[in-house]
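Number of protein chains: 2
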Amino acid sequence: MSASLRAQCVLLLGLLWSSLPAASSCRIRIPPHDQVARVARFVAHQCDWASMATISSHKPVVGQPFSNAFSVSDGPEGSGSGVPYLYLTRMEVSVQDLQMNPQASLSMSLAQTEYCRQQGFDPQSPLCAHIILSGSVLEVNGTEAEFAKKALFSRHPEMIDWPSDHNWFFAKFNITQVWVLDYFGGVKTVTPEEYFQATPHRKHH
Amino acid sequence: MSASLRAQCVLLLGLLWSSLPAASSCRIRIPPHDQVARVARFVAHQCDWASMATISSHKPVVGQPFSNAFSVSDGPEGSGSGVPYLYLTRMEVSVQDLQMNPQASLSMSLAQTEYCRQQGFDPQSPLCAHIILSGSVLEVNGTEAEFAKKALFSRHPEMIDWPSDHNWFFAKFNITQVWVLDYFGGVKTVTPEEYFQATPHRKHH
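Chains as they are written, first to last, in our numbering: chain X, 1 to 205; chain C, 1001 to 1205.
Each hint should be verified, as a subset may be incorrect.
Listed below are several chain X residues computed to face chain C (Cβ distance under 10 Å; list not exhaustive) [claimed, not checked]: (1) Thr54; (2) His58; (3) Leu106; (4) Ala111; (5) Ser134; (6) Ser154; (7) Pro157; (8) Pro163.
Simulated restraints, written as ranges between beta carbons of each label pair [said to hold, decoys possible]: (9) C/Thr1191 <-> X/Asp165: 27 to 33 Å; (10) C/Asp1034 <-> X/Gln96: 37 to 43 Å; (11) X/Gln118 <-> C/Gln1096: 29 to 35 Å; (12) C/Asn1101 <-> X/Pro102: 45 to 51 Å.
Just so you know, the hints here were simulated from the structure itself, not pulled from any lab data.
All values derive from a computational prediction rather than experimental measurement.
Where is the CB? At the ideal position from N, CA and C, for every residue including glycine.
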């Protein structure tokens, strides 16, 4: 292949690659697995959605666990707060559960990104880092609702146009315990204090 | 650009494209949203992992909902049974919950595939089809364990080498109720009978 042909192909390939949704995941750099709180903050910021477990308030499964998917954001790209914010409506089945019992659990996994596939890690492998947050879902207002709006709408622009008659409100996941599966040897726990003190990304000087 | 250059670039781009994990999702063809049971079977077969909600048996969250990620398979590619099979160890935190209370919920979303991103559907949009299974997790043996092994190991080859001292066993999710979010208008329910009678893929004649 001539140098000019190679150059033009590289350019074309570059353009195609940068146009793929998966491209951003090429930049995923997970913190070292022994820096557990940093890994937790990293996963919480990388994931645009989470699975939420509630105690069902709906027949025929009243009192049973119920798993459902929700979009989340802990802040605009690159400035995560660690707090998963949600945009909810009381018309939603899991949100109705939360009104009876606000206790919930959120799980987020790098299987939701291209990372685990690119690394060849099975979704159930501890190397395919995933976290579980325990706590409760609380409505937020005022300045925190403003931050939640910025966090969610910047990463989920479709939300801006969701039907207003659904009475959407902003909520946060109030974390009481963090569980991390990021390496062999079983689940590790992180306190909310350790979690919020951690810096998900290496600081640049 | 010369014809030969264009031809060679197209070839290169094709090779790159076909080498991407995302490529398979280009073939995703979801059944019509009003064929709810078919959509449920389709999502259950497309997803290689699921989020499982259990009632926690672990301090400090005993009795609270707990969400966690597990690899699943309802059958080898293209021949799904509708039954999500799991490969579990009693060393795992959620499996320990199940030993106290086998009631659980599995959620699977096309947000786990390239489909929703490619279609421009937010993970929380009902158009980003997701399903919730209610029921319980039961160990399987004999011929069903043989099918579970084929179903799981064909789609999760890494499992073959997981440490034998973890005493892995095969289990199935015994479905009592199916919840489907695949369009506007709220959650729809499907009975296990309707679910297992449905054909996820259009039959070829």
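Distance restraint evaluation - X/Gln118, C/Gln1096, Cβ atoms, bounds 29 to 35 Å: At 31 Å between Cβs, range holds.
Given X/Pro163 as an interface hint, is the shortest Cβ-Cβ distance to chain C below 10 Å? holds, 9 Å
Is the gap between the beta carbons of C/Asn1101 and X/Pro102 within 45 to 51 Å? violated, 21 Å
Hint check: 10 Å Cβ-Cβ cutoff, X/Ala111 to chain C: At about 6 Å, which falls below the 10 Å cut-off, the nearest Cβ of chain C leaves the hint on X/Ala111 intact, so it holds.
Taking 10 Å as the limit, does the beta-carbon of X/Ser154 come near enough to a beta-carbon in chain C? violated, 13 Å
Status of the X/Ser134 interface restraint (C-beta, 10 Å, chain C): holds, 5 Å
Kindly confirm whether 27 to 33 Å is satisfied by the beta carbon distance between C/Thr1191 and X/Asp165. holds, 31 Å
C-beta pair C/Asp1034, X/Gln96: status relative to the range 37 to 43 Å that was hinted: violated, 24 Å
Can X/His58 be said to touch chain C, with a Cβ gap under 10 Å? This hint holds: X/His58 lies near chain C, its Cβ roughly 9 Å from the closest one there, short of 10 Å.
Hint check: is the beta carbon of X/Thr54 less than 10 Å from a beta carbon of chain C? With a closest approach of 6 Å, the X/Thr54 hint holds.
Hint check, X/Leu106 versus chain C [nearest Cβ-Cβ separation less than 10 Å]: Since the shortest Cβ distance to chain C is 6 Å, the answer is holds.
Restraint check, 10 Å cut-off on beta carbons, for X/Pro157 near chain C: holds, 8 Å
Checked against the numbered hints given earlier, the structure breaks hints 6, 10, 12 and satisfies all the rest.
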